[in-house]
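*Asks:* Take a look at the letters that make up each chain.
2 protein chains.
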Amino acid sequence: MEVKVLKDILSANNQIAEQNRRLLASKKIMAVNLMSSPGAGKTTLILRTVEALKEKARIGVIEGDVSSSIDAGKLSQAGITAIQINTGGGCHLDASMVNSALANLPLDEIDILFIENVGNLICPGGFDLGEHLKVVILSTPEGDDKPHKYPLLFTTADALVVNKTDLLAHVNFDLDGFRRTFKGINQKAALFTVSGVTGEGIREWGAWVMEKLGEVRSAK
Amino acid sequence: MEVKVLKDILSANNQIAEQNRRLLASKKIMAVNLMSSPGAGKTTLILRTVEALKEKARIGVIEGDVSSSIDAGKLSQAGITAIQINTGGGCHLDASMVNSALANLPLDEIDILFIENVGNLICPGGFDLGEHLKVVILSTPEGDDKPHKYPLLFTTADALVVNKTDLLAHVNFDLDGFRRTFKGINQKAALFTVSGVTGEGIREWGAWVMEKLGEVRSAK
Numbered sequence: 061m062e063v064k065v066l067k068d069i070l071s072a073n074n075q076i077a078e079q080n081r082r083l084l085a086s087k088k089i090m091a092v093n094l095m096s097s098p099g100a101g102k103t104t105l106i107l108r109t110v111e112a113l114k115e116k117a118r119i120g121v122i123e124g125d126v127s128s129s130i131d132a133g134k135l136s137q138a139g140i141t142a143i144q145i146n147t148g149g150g151c152h153l154d155a156s157m158v159n160s161a162l163a164n165l166p167l168d169e170i171d172i173l174f175i176e177n178v179g180n181l182i183c184p185g186g187f188d189l190g191e192h193l194k195v196v197i198l199s200t201p202e203g204d205d206k207p208h209k210y211p212l213l214f215t216t217a218d219a220l221v222v223n224k225t226d227l228l229a230h231v232n233f234d235l236d237g238f239r240r241t242f243k244g245i246n247q248k249a250a251l252f253t254v255s256g257v258t259g260e261g262i263r264e265w266g267a268w269v270m271e272k273l274g275e276v277r278s279a280k
Numbered sequence: 061m062e063v064k065v066l067k068d069i070l071s072a073n074n075q076i077a078e079q080n081r082r083l084l085a086s087k088k089i090m091a092v093n094l095m096s097s098p099g100a101g102k103t104t105l106i107l108r109t110v111e112a113l114k115e116k117a118r119i120g121v122i123e124g125d126v127s128s129s130i131d132a133g134k135l136s137q138a139g140i141t142a143i144q145i146n147t148g149g150g151c152h153l154d155a156s157m158v159n160s161a162l163a164n165l166p167l168d169e170i171d172i173l174f175i176e177n178v179g180n181l182i183c184p185g186g187f188d189l190g191e192h193l194k195v196v197i198l199s200t201p202e203g204d205d206k207p208h209k210y211p212l213l214f215t216t217a218d219a220l221v222v223n224k225t226d227l228l229a230h231v232n233f234d235l236d237g238f239r240r241t242f243k244g245i246n247q248k249a250a251l252f253t254v255s256g257v258t259g260e261g262i263r264e265w266g267a268w269v270m271e272k273l274g275e276v277r278s279a280k
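For the record, the sequence lines run as chains A and B. Going by the numbering used here, the letters in the first sequence line up with residues 61 to 280, in that order. Going by the numbering used here, the letters in the second sequence line up with residues 61 to 280, in that order.
No wet-lab data here; the hints were simulated from the structure. Careful, some of the hints might be misleading.
Repeated chains share a single entry, so a pair holds when one copy, or any two copies, can fit it.
Claimed, not checked - Derived pair list, reagent style DSBU-like, types lysine-lysine, alpha-carbon separation capped at 35 Å:
1) Lys116 x Lys67
2) Lys114 x Lys67
3) Lys116 x Lys134
4) Lys116 x Lys243
This is chain A alone, in the form it adopts within the complex:
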């Protein structure tokens, strides 16, 4: 009975995700689902990426939060086209929320759409939003054992961004060991090390995002 209901929800979600995918394709927009723990630096990464790519691509943002519009406020202060979704207690975005947000964004003026999911390393992993890429951000103070503890997000990510490298000297995070173990559980994902504070690594990450935009646009 419970399983039946869950199946229905997921199947409805997948249908709307498919609609989102078609709409994004018709507008030549690449959508990136950004997922992480609370406070890992999703919004800061978006701000840095917009800065790095401002001559190359127009970026829009869907901001997902349980409550508040703190992050959409930060983005909009920086002149970024952003729309806030409050889930009202919900622990992840779903395709239908993104569908509503898409209807309220100037899609003809966007090349790359970042969808900042709710801060949660578990639940967002189960919901297709119609995105092209799943990107997980892990911040160094969280520790290097997180892929083992939260396998779904880490094994299905297209890219992993290790953020807050500026804190590496002060926290318990073995970056070399981490690279090896992460490659062991996810061979296909690109791995970036960045600092939202110093800007380290943002150029490499931005170059990868642009490369992926090219691939999405040249796909038939």
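Since the structure of chain A is provided, determine the placement of chain B on it from the hints.
*Replies:* Showing chain B alone in chain A's frame:
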């Protein structure tokens, strides 16, 4: 339909939580539900607390994780009575999982039971486990805006532990401002500032835990 099912689940959970509460009372055990984002320092706080209270109380631990037994391993290496629950993808502990764990713990040898919930600032807030106290841990690198973004856990906590004060000089966290805004949303909660690395603040936190144990035991 969905709401109906959810109601049934919560009502079944509350019944089992009540059973847990009765079992804990019969054994004079105080149970503390520890909740935080991934990597905020729940396990380290438990290790430090056991060290601080070792002459005063016998501590047992229920370890909740989506996957892996890394944390239970750390505890058991330190000689602490611990049992691991893997939720297998589930984003929070529920009363039934705790009920099974209780059946496998030497309850006559435990005064304080820490229940380390799954790393998640959202979902654990909806599930009563039969605990006496809800304690939320927030680590300074996560930022001082978290209570506004994840209101349920922060407004219902009996205590908030701000961890990783050793990183305050390196991160963007205004502790004085945070104290004021947190008191504004939760007047009743005790607020502690600690460092799992240096041990700062652990004595005050430990004294509060012992005070609460006294209250639980003297309640009729």
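*Asks:* Each hint needs a verdict: does it hold in this structure or not?
*Replies:* Do the hints match the structure? See the list:
{"no.": "1", "hint": "Lys116 x Lys67", "in the structure": "neither (41 Å within a copy, 50 Å between copies)"}
{"no.": "2", "hint": "Lys114 x Lys67", "in the structure": "neither (41 Å within a copy, 48 Å between copies)"}
{"no.": "3", "hint": "Lys116 x Lys134", "in the structure": "within (22 Å within a copy, 48 Å between copies)"}
{"no.": "4", "hint": "Lys116 x Lys243", "in the structure": "within (30 Å within a copy, 45 Å between copies)"}
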